[in-house]
Structures are given as C-alpha cells and as structure tokens.
Amino acid sequence: MSGGLSIGELAPPLELPDTEGALHTLPLAGEVPASVVFWTCNHCPYALAWHDRLVDAARKYAERGVRFLAINSNDSDRYPRDSLDAMRERVASERWPFPYLHDEAQDAARAWGARVTPDLFVLDSDLILRYRGAPDADYQDRSQNAVWLREALDALLSGQEVPKAETEPVGCSIKWKQ
Amino acid sequence: MLRDEAGRLGVDPGSIEVREVGTDEAAEREGFVGSPTIRIDGSDIQATEEPAGLTCRVYRRPDGSVAPLPDRVQVHDALAGALKAKVR
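So the protein lines, in turn, are chains A and B. Each residue of the first sequence is one higher than the one before, starting from 1 at the first, in the working numbering. Each residue of the second sequence is one higher than the one before, starting from 1001 at the first, in the working numbering.
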C-alpha cells in the first residue's frame, strides 16, 4: 500500500472541528486504549453501506474506552452533499455515536494518506497505526459486521498483535479540490 | 451484469453504449448523477433527484440497503419493463 501513514508509524496530529464547531484533537488528553479514525462522507454508496456497521462497532467498543472519529475531507464546493450543513443534518437525524469532523482544507486526508471512503485507521494507546483498511470484506454483506475492525480492536485491547494489519480500503475516492 | 440481463431478454448486448463522462461540465450537460448511470432508451433505471456531478452513484436496493450498483433483479426488471413498453 503506498502513500500516507504506514503500519507501525505514529499518527499525525489532528485538530478538526465537528459539526457543531467543537474542536477535536489527536492526541487527546487522557488515556485512550485505542482510537479509530476513519474517512467517510455523505454521498458515497460504499460509505453509506458500511456506516451502520461502524456505528454498531463504535457503540460496542465505547464501553471499553475506544474513541471513534469520523472525518469528511471531500470538496463540498463540487459535492454539496458533503457540505458542513449537510453533515450537521445527518448527525442530528441519525444520532451518531462519534463526532463527524470537517477537514475543509483536506490537510488531514493528505497527512494521513486517506484515499477513499470509508478508509479506516486503528491506533493503539500510543497512537501507533495498527490497522489500516476496510471494515470487512464485503460492503454488501451486513453479516460481516465490520469483522476486520473488530478483530483489530479485540487484539489491541487484549495486548495482542493485530492478525490482519492491512487490507485494501474499498470505496469512492476522496474528492480533492481542483 | 447489464449485458448478461440484456442477452437473457433477447436484446443484443452489443447495442449497449458505454459513455465516459469526464468533466463537471459534461456531467451537468448530460444530467449525469454518478457512476454508473444506466439509461434505457434515455430513461434512468432508478430515478433520482441527486444533483449532476462526477461521483459514485447510490442505488437503493429492494431490501432497503444502499449500494454502488443496482442488483440484478432491478436491472432485469428495468429492461423487461422497457421492452414491454415498446411492444405496446
């Protein structure tokens, strides 16, 4: 896999506003056993198809202190469905269990090497990348239940090596500004 | 999948025209709302109010899920419906 953050590397810092304007940072004050940072958006069918599985995982792993951050880096001038207003409406109507961050300048996507939506990055407590890729093998098969993400989190939370550290992220390309 | 279903219904798969829409201007001009868009005799197989643009298409499946492609039954039904309308 080429470009951006590699397995075993320290994640770049983040400082992005959510849909209500509150800033979210990485690192976060206090200890977090694992963090899931993922790129998503409002209009990509792959991101939409996997969304509920990520919500379920976020709710389950929140009990164990795992932090989830969703980021939208798409160019909202060319893709109005990814505007901040549209993001805000979606969070409000769907009751997201994680903040939806707006990477308007696309700096975070560039720094992390995010390529598609969804594109997942799982970090350990030291913010080292331990898993990068898709939630599971098939966006069409709900029964897969984000198993690759869950396996990565289960391994991290039990102090084990992540069994499958990298998979190919599948989805729509990040919509870069021209 | 489209060619398969066309062939099953006796439509020459070679009659399917594949067109690339490569710019925002072309998308606007063509009313192109995402890839892939499938039109039969000019009609979209799944009407949508999405704005024109170079993006991935969102298809609503019969089971309520969303996907980047229609399912085979939807493609089959759209083709069969268009053929039926022609015969009338």
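Hints are computed from structural coordinates only; laboratory data are not their basis. Do not rely on the hints blindly, as some may be mistaken.
As the list claims (entries may be wrong) - With the C-beta cut set under 7 Å, the calculated list includes, among others, these residues of chain A facing chain B:
| hint | residue |
| --- | --- |
| 1 | C44 |
| 2 | L48 |
| 3 | A49 |
| 4 | W176 |
The structure presented is a predicted model; accordingly, all values stated were derived computationally and were not measured. Don't be surprised by glycine CBs; every beta carbon is placed ideally from N, CA and C.
Results of checking the hints against the structure:
The closest approach between the C-beta of C44/A and any C-beta of chain B is roughly 5 Å, which is under the 7 Å cut-off, so the hint is satisfied. Taken as an interface hint, L48/A checks out: its beta carbon lies about 5 Å from the nearest beta carbon of chain B, inside 7 Å. Look at A49/A: its Cβ gets to within about 5 Å of chain B, closer than 7 Å, so that hint holds up. With a cut of 7 Å, the hint placing W176/A at the interface with chain B is violated, because the nearest CB-to-CB distance is about 12 Å.
In this structure, the one hint that does not hold is number 4.
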